[in-house]
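From first to last, the protein sequence lines are chains A and B. According to full-length UniProt numbering, the first sequence is numbered sequentially starting from 1. According to full-length UniProt numbering, the second sequence is numbered sequentially starting from 1.
If you are wondering where the hints come from, they were derived from the structure by calculation, not from laboratory data. Each hint should be verified, as a subset may be incorrect.
Each pair may be met inside one copy or between any two copies, as identical chains are not told apart.
Derived PhoX-like pairs (lysine-lysine); straight-line CA-CA distance at most 20 Å [claimed, not checked]: (1) K86 <-> K74; (2) K75 <-> K53; (3) K85 <-> K75; (4) K55 <-> K75; (5) K13 <-> K36.
There are 2 protein chains.
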Amino acid sequence: MDKKPNEVLVSMKNVEDYALEVITLLNQGAQEVDIKGVGRDIGKAVDVFNMIKDKLGNGVELGSVSIGSESRDKKRLSFILLRVKKVY
Amino acid sequence: MDKKPNEVLVSMKNVEDYALEVITLLNQGAQEVDIKGVGRDIGKAVDVFNMIKDKLGNGVELGSVSIGSESRDKKRLSFILLRVKKVY
Numbered sequence: 001m002d003k004k005p006n007e008v009l010v011s012m013k014n015v016e017d018y019a020l021e022v023i024t025l026l027n028q029g030a031q032e033v034d035i036k037g038v039g040r041d042i043g044k045a046v047d048v049f050n051m052i053k054d055k056l057g058n059g060v061e062l063g064s065v066s067i068g069s070e071s072r073d074k075k076r077l078s079f080i081l082l083r084v085k086k087v088y
Numbered sequence: 001m002d003k004k005p006n007e008v009l010v011s012m013k014n015v016e017d018y019a020l021e022v023i024t025l026l027n028q029g030a031q032e033v034d035i036k037g038v039g040r041d042i043g044k045a046v047d048v049f050n051m052i053k054d055k056l057g058n059g060v061e062l063g064s065v066s067i068g069s070e071s072r073d074k075k076r077l078s079f080i081l082l083r084v085k086k087v088y
């Protein structure tokens, strides 16, 4: 799967690892970071967002949410894309 | 867990069952139906939305998405709330 700039694809690692990855991108100057979860990792993507929200509070907000499905290995998988926006 | 009017809580049943439940509510006159998924059922809630979108096409749209966490049995669980809106 293509990884776009400022997109964190949630997969095998811990929730904490992905949350830290997003926070690092924000600290490095990114205004927005997309958290992507596919298939069974959709729930984990939401966990990652909640952990970031816990840590940064009003410093971030949920910008937009996209939902859809994509094909992988001939199977149709749902995905979610959570856009985290920095708030000043 | 409280079940509000026009809210379908995704849990043990098949994706098809929940999709049918939402479509039935829309056919009975509901303008909006919330699909709720908690914890490991978050991904299934997204599957339900995608199936409804497949079946009804431009007849429905994703109104809004809420994300958060709630306590259950002293554990913190993420949830997602997908609002399906009828389009005319």
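Here's how the hints hold up against the structure:
Neither within a single protomer nor between protomers do K86 and K74 lie at most 20 Å apart by alpha-carbon distance, with minima of 37 Å and 31 Å respectively. For the homomeric pair K75 and K53, the shortest alpha-carbon distance between copies (17 Å) is at most 20 Å, but the shortest distance inside one copy (33 Å) is not. For the homomeric pair K85 and K75, neither the shortest alpha-carbon distance inside one copy (32 Å) nor that between copies (27 Å) is at most 20 Å. Within a single copy, K55 and K75 get their C-alpha atoms only as close as 36 Å, which misses the 20 Å cut-off; across copies the closest is 18 Å, which meets it.
For a Cα distance limit of 20 Å, the shortest separation of K13 from K36 inside one copy, 13 Å, qualifies, whereas the shortest one across copies, 26 Å, does not.
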